[in-house]
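Colleague: Counting along the sequence shown from 1, when you hit position 242 you're at 242 in the working numbering, and nothing is skipped either side.
Don't read these hints as lab results, they were simulated from the structure. The beta-carbon is built from N, C-alpha and C at its ideal position, and this holds for glycine as well. Incorrect hints may appear among the rest.
As the list claims (entries may be wrong) - The following label-pair restraints were derived from C-beta to C-beta distances: (1) Q331 with E171: 18 to 24 Å; (2) E96 with G175: 50 to 56 Å; (3) Q168 with S263: 17 to 23 Å; (4) G250 with M297: 40 to 46 Å; (5) S48 with L100: 30 to 36 Å; (6) V90 with Q331: 50 to 56 Å; (7) W44 with E212: 40 to 46 Å.
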Amino acid sequence: MVSVIGIVAAIALLVFLAFKQWNMLLVSLICAVIVGLTSGIGLWAIFSDYYMPGLVGFFGSWFLIFTIGAVYSEFMSRSGSVSAIAYKLVDVFGKEKILLVMFIVCCLLNLGGVNPYVQIFIVWPMAVVLSKEFNINRGIWLSVFYLGLFTAQLFPGNPSMVNTVVSQILEVSAGTVPFICLAMFLLYAAAGYFIIRRTEKRWEEKGRRYVETESDRQMVKPERDDLPGLAAALTPMILVILLYTGLTSGWFAFAGIQRLASSNSILASMGTACIVCYLLNLKKLRGSEKDIIFKGMAGGLSPTFAAAVIAGFLGVITGSHGYQLFTQAVQDVGGNPYMQCLIAGSVTGFITGGGAVTAQTVLGTFGAGWLANPSVNTGLLRQITVANTAGGITLSPHSGGLHGVMGFAGTDLKESYPACITSVILPSIVINIIFSAIAVFM
């Protein structure tokens, strides 16, 4: 029981100190020690056996991806491509619809199977330009991004990793029960977007507007008359989406190019897009290649490390006695399979802060029993599982993915997370409870 209290106290302290804008490396170390000592783990073992493997494992897996993403964003910004796309959105839709348009863009990227980290590399540079153009506080964009990400998970046939994992384990198509899928998608999207709009208007009334950061000041801002044409600006972005989707789906097998893992596909697609962006804007970018690449690489280091230190902290949590008690409690959850999924998915998702990990944990524990139950509609169960293991509840304040995204975006918990709670997390929880309850009586 002491270990459980230690985990809860450590997470609460991490959130508190993050809101106070403490250095996250120091915070993660302090919180890891609290979890480890309350679980009876030796002080040295906390770091050597749990913290460092988690940190190094994450950093090794994601450093190149964050780096190439940051270099790609730098090429797109320096060439003026990002500004050209953003200004086109401004001209066509205006301020009143710009949040909706960006939400739809995030949804479409997710439905296209684009990795969430790739999505933020594509979307965030545009968000910065739009924030300055319309004097919008940048903290709202994280809510827009995650609402697009999580609502799209509910859309029938979504090719995301979580949908794939759940569909494979439950042996059912991702496109089953389409009307339930659409109902959950539309309700979540409508509720979340309504709250985002209300939040943005309230911030505007209180004077919370765009604030230029150091990275904004360092950003090269081409004159509008000097921007590339829309086709040239969009080409690298479209290339990333098509190449990434094609390489992960095996589209190019006819040419002898076998299906690649997601990480390799990201590197190949974004690396190619960097080259294409450079060639399309050769006159403007010639002579600045080294500066763009070096600045991009430096920009990729900070968010990777920000996420890695949280991964180290989570490594200590998952190795603690308290986490084993949580796991046992999940296994002991009784009742209807749909309500089991609601409770187990929500608790596990909040602790781990990751959709695929949560789905594998919950289905590894309950999947066989659920499939053996003749009264269970596997298509409906698949959708309830996705909603509860890849929904807003996984956007926990100690999520490594969240801190990686915030690191790249140049924002923090204090600026962005309260809006995420009201517009992304709470609507997800309410909708999941409603549809899990409905499923019991279907």
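Colleague: Hints broken by the structure, by number, lowest first?
Modeller: 2, 4, 5
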